[in-house]
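**Student:** Join the two chains, each given in its own frame, into one complex according to the hints.
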Amino acid sequence: MVNTENDIDTSKLNDSDKIQGLGVSSFIFPLIYSCFLGMASYNIFHTAQVNAYISVILGSLIGIIPFLLVMYILKNSGGEDIIDLNISLFGNVVGTIINAILNIALILFATLILYNLALFLDTQYIPDTSSLYVKILLITVIIYAASKSIATISRISQIIFIINLALFLLSCIGIVSEFDYNNLLPVLSDGIKPVVCGGIEYMIFGVLPLFLLTIIPTKLVKNKEHIMRNSSIMYIISSIIIFIIFLIITGVLGYEVISIYKYPEYMVLKKFSLFDIIERIENTLALQNVFSMFIFLTLIVYICSKSIKKVFNKLKSQELIPTLLGILILVLSNYIFENSSYATEFILKYIPYIVGIVLGVFILLTSITIFIRNLINKKSNDLLIQSELEKES
Amino acid sequence: MRYKIIVIIMAMILLNGLNNSRELNDLAIVSAIGIDKVENGNFKVSAIVLNPEKQDSGSSSSSASNKMIVYEREAPSVQEAIRNMILESPKRLYLAHMELLLVSEEVAKKDLVNALDFFIRDNEGSNDFLFVISKGTSPSQTLQVKTQAEEIPTENIVKSIKASNKYVGITTNNLLDDTLENLLEEGEEVVMPSIVVVKSDKNEKDESESSGQENSGTTGGEQEQGSSNSSTQEDEKILVDTLAYFKDNEFKGYMTKEESMAYTILRNKFKGGVIQIDKEDRLVAEFVQCKANLTPKYENGQYIMDIEVKGICNIAETGKKLGNVDYKSIEEYEKLISQELYTYIKQYVDKCTNEYDSDLMGYGKIFREKLNKEYIKVKDVFYKEIFKNIKTNINVNIEFPNDGGINKKW
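As they're listed, the protein sequences go chains R and W.
Counted from 1, the first sequence has number 104 at position 105 by numbering that gives the first Met the number 0; the numbering is strictly sequential.
Counted from 1, the second sequence has number 238 at position 239 by numbering that gives the first Met the number 0; the numbering is strictly sequential.
If you're looking for bench data, these hints aren't it; they were derived computationally from the structure.
From a predicted model like this one, the values you see are computed outputs, not experimental measurements.
Treat the hints with care, as some may be off.
As the list claims (entries may be wrong) - Calculated lysine-lysine pairs in the DSS-like style (CA-CA distance at most 27 Å, straight line):
{"no.": "1", "chain 1": "W", "residue 1": "K3", "chain 2": "R", "residue 2": "K315"}
{"no.": "2", "chain 1": "W", "residue 1": "K319", "chain 2": "W", "residue 2": "K246"}
{"no.": "3", "chain 1": "W", "residue 1": "K376", "chain 2": "R", "residue 2": "K192"}
{"no.": "4", "chain 1": "W", "residue 1": "K378", "chain 2": "R", "residue 2": "K192"}
{"no.": "5", "chain 1": "W", "residue 1": "K256", "chain 2": "W", "residue 2": "K165"}
{"no.": "6", "chain 1": "W", "residue 1": "K372", "chain 2": "R", "residue 2": "K192"}
Chain W with its partners taken away, still in its complex shape (with noise of 0.2 Å):
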């Protein structure tokens, strides 16, 4: 018996968590970090870190933007960036709960990859973070954005940007693994969503300073989000915006909302969203159910992609001129959006092909992967010869199961 006791406590001394054993208010929890390139080539790193302390405090008054702490530092590397923030934090950095890393249009055109190297390298850190490009704007400053509507701005922007992939439909959820896999596989290009810092109209002004949320000073190294010294934050709101997309893993340029809305939905990453046809009479269709088959072919020394998209639609407006939904006019409104998505398919696919010269649609990784050896006979000229001369036969096909049960009588 007094072998086992004995046993017992060694385990509890000896076993608890070992070196790696941490307390909880011994970590700086990292939300989101930033990461920048300034003029001497150095890494120039922001991380947002949740101040519990604060939140705790369960004061009413207590403003929001006290629940965060915005740490910036250069460096030649991210990690010592990052390294040199205990400088001036008492804490550690524990990157496991970081939810996003948003790069500068300068580190996405020239250095993506090293700034990923320490993401990828990092074993404690998470890597289901988005990955998401900060347009026009430095990510310092877009994370010291006060938002309304979450108290923190990476729990705004993270959950914009998801409930925009599911109910707009221009963006998509890209986490480190899926960049990664864009990034290394052959046939694809990155991706990324982006955000864009906009100034917010008067009104919108007026009611963020009604709303008396006190702000504190700026005290040491340390930039606390909303600080009285920082009044032109207050100006400004963070709003997703469309797809960024990559060649040869070099930032480019941005896609339109219709070209962000075919590439979801030839991905099939598109979970929701609105079309709309102004042409006559106005017609708004939201989608419950998109899907894309991608099937390509090699027929008469033609490379062939056929794209096949089935959709499920309800009707969530309509016009004046629109009548009652009937079994006549259904097929009508079907076409007329078939015909839209089309239209929005087609200009994406060739814009892809002509003008941004990005395999943006994954052929390359389709043909490499069903349609193997025909692709590796062309592997090594793919790109220089074949890509831009597939020929795409797009069809469309978007049913409106319901009429939604409204008899429309004005």
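Chain R on its own, in the form it takes in the complex (with noise of 0.2 Å):
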């Protein structure tokens, strides 16, 4: 039998082998951004237009709760992650099946945003080449790192966050100087409903994929009293960064030029001029996408596989399944959509609603299960005490 990280004894383990540090934060950034390229972005501009920098901020803020019930998810998991936390919760069967259902919706994300990530690369970066070569490549270190440990995966992704966020920052700077304030105005001319809409698309593709994090078990965690604190902290950077991606999308282009694109961020990028001395760099500067979509589908590779180990327990290797699942999502990205056009038609009106609805689901049903389980738990430690303080007595 295969031992998962659920079933080894954390007190004998090194400190390798625990998640340091910001590991568990460190995936924040990468989760919420993944979506953006190609999907949240088109969408919130789409929707919230010349104001959706005022959407990011407003989503991040109802975006809080989400993320305060994935808190709680975490801290209430018993050291556990989401697939033995919901069959602890619902029991073996009922547990298995839910699992199921997580396993299928997190399968048809990652081959969309595969899918989106390979049109990206086709259109904007590599056009000559086929993508199908692309996603190979690309899935290939994907499965590589799916089938090591949450913990190397968490490295992974504080290594990524570093060069995202040194990315991010000479963006900034050599795109500022195209700054006009005036391309952000008017403010709320339609009125906020398109900017709660753009909020709400924010919270969506932001926010709800961070119930991703609840395949961290915790007791694998080096400090895991720090866990609420670190990634709050690291909720509000990513959201600073986003809504200035979003301020300078807006202020450097304006909304009529980012109408006509479907990929603004990396159009504001071929603005970038260091002194005028480095230029068109905007090919290496957008790997700040790539590189969180990598994170995003190797969690949900992990995630898959590892549930789908703990059904089919006997196997030993530890690549086969993330070979098959990476496999399944690469055939899958390229059946998915017909094409590009109806891709975009099906992001801008049904993916909002899927997505929001299965991970809020997931979201809402765990956190919900674990109070009244808390709850239960309580009572019937207060009846064992006052039957306890009655013996006594």
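**Tutor:** Now the structure itself:
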């Protein structure tokens, strides 16, 4: 039988096997940012138009609720990851069914992300290269990363967070000179409704994916008492970064130009110029999006493979299930949409609802069940204490 | 270890730029493209391609004109014309380093958006090229004019426009995105810099002839710039002209020098320039800084635009009658220059609203952005009923912070 991380006696673990430092919180920025390229930003700009940057502020505030729910799940998971937690909360049969539904939803989500990433690379980066070729290369790395432990993935995430932060700061320095605050006006010209809708879209695409954090078994986290504090700080930092990204896109390009591009965050990078010496490095700077998507996809493959291993626990190979999942996502991404116009329409019209409902339901279902379990446990503990006191008296 | 080596070797083979990798030698680097319309409605596209082999030859005797090749093709679409150039060029045209897009008046009048469509969609090309109109001549002719200052005409045109913007203040550095913004934005009109080809005078022609530059002949389908059969091009030179203005995305005409200066000042694109008064005596002021602030207002049913212009100037030149600069005279000079600039702006605004009937000040945009509630009420009739009746209050305040450190004793 293969030992999963939950079966391991944590007292015997080395420091290298544990998730250290900003391990948990470093996942937050990639998870929030992973759905933006060609999906969230396209939707938010389409809905809130010139006031998309206000939607980000509003979305970050609305997003505090699901973020706190995710933190609540992490805190009360009893050190288990979401797969084991579902089984312990709902029982073996129902828990496995819920895990299966979660897996299907996540695989479809991963398929969409991979399709979107390949489309971006296909249209902007390397149009002469077959997107299948790019997908195979990308999925190979994802399979390799997903076959490692969560501690290893968290270390990758930490490195990627630092690289992303450096690329973000460099982008800001190189683009800020093109900023025109007049492009941010008029404020709320179409009323508050589009901005609120944009904020909800931000919450759906940006904050709900934080549910994937629940795959981290908190017993593997060193200094787990700081998870809430570090994650909250990282949530605020991530929200500020995304607000700045939207502010700069709007201020530099203006809504009219933004509206004609599917990837405005990439087009704005074309304006990068550092002291008139370093220019045309948009492809390097846009890697921050690719890295975020990579972490997101890796986590999804990791969650699904862990869930499947739980069912087929006699499998010895660590790489087999991630490889099969990777191939499945790869194949699905080739057939999911007939063409990119259909994908754009689908992303605009249906994806916010699908993602919002699926991830929202999982977050709510898990947190409410934990809450009820805690309530029952508390009551039974109270009764136990009361009966003991009565006995003593 | 063997596994790692195999992975590294595989990565080196597989990740080597994938199918998009291109050798520099295989690229025909385009520095400028000109688009014209011909009689049958086709686009006539000209492209200046840099000729690196000739540039690398290092021979001082090699003509500067050999460093570029001009290709020309006609087709119903810009894309087709550019692709067809491959029929005569041994390399594929690479637009990522394009610096200039030159369009004819004909294209600007009828087909500006269609001509731009290819460049908006092209993901490989740059979008930071200057967008310029060729005044009076076709882009194809303009791109083949031999220039003395720079070896490649593109560099000459681009640098001249940038310098004119910086030191003369009668033109703008409009890039693709700026033009797109003006095309798409409600309450904005397109304005483009223009260049004109003029005949050189005799002395300049003699100088150019005596410079002893050799010309090479035309080979195959390609025309090398400055070729022996294009002697007329040696008699010509390219000058930066005033701004071209549009209405509803159609080219209408050219502004005067003063109007062009007023435009750049009001759009805060003014980086430097000179203003001269020749009333009683000569006073030349050089701008160090100039900022305009346009504030829309709505009072008693009247739409008002307050224009506040603040600038700092240096005295560049004074005439015979003007004495030394002291604390008394400096105020007078400030008033004179302020009054002169006021006249420029006033005439420009009046002409835009009455004669050009084009919102070159961007009033619509400013009202939409800063006074949105009032703008929405009259959005549909803004240009029919409101635009011409907007009351404009202009206040110009030019300062001379220093006397220049010269005691005039002549």
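**Student:** Now tell me, hint by hint, if it's right for this structure.
**Tutor:** Cross-check of the supplied hints:
Of the supplied pair hints, the one linking K3 (chain W) and K315 (chain R) holds, its CA atoms being roughly 24 Å apart against a limit of 27 Å. With a CA separation close to 45 Å, the supplied pair K319 (chain W) and K246 (chain W) exceeds the 27 Å bound. Simply put, K376 (chain W) and K192 (chain R) have alpha-carbon atoms about 20 Å apart, close enough for the 27 Å limit, and the pair holds. At most 27 Å may separate the alpha-carbon atoms for a hinted pair to count; K378 (chain W) and K192 (chain R) meet this at roughly 21 Å.
For the proposed pair K256 (chain W) and K165 (chain W), the alpha carbon gap of about 15 Å is at most 27 Å, so the pair holds. Distance hint between K372 (chain W) and K192 (chain R) is fulfilled; the C-alpha atoms sit about 17 Å from each other, no more than 27 Å.
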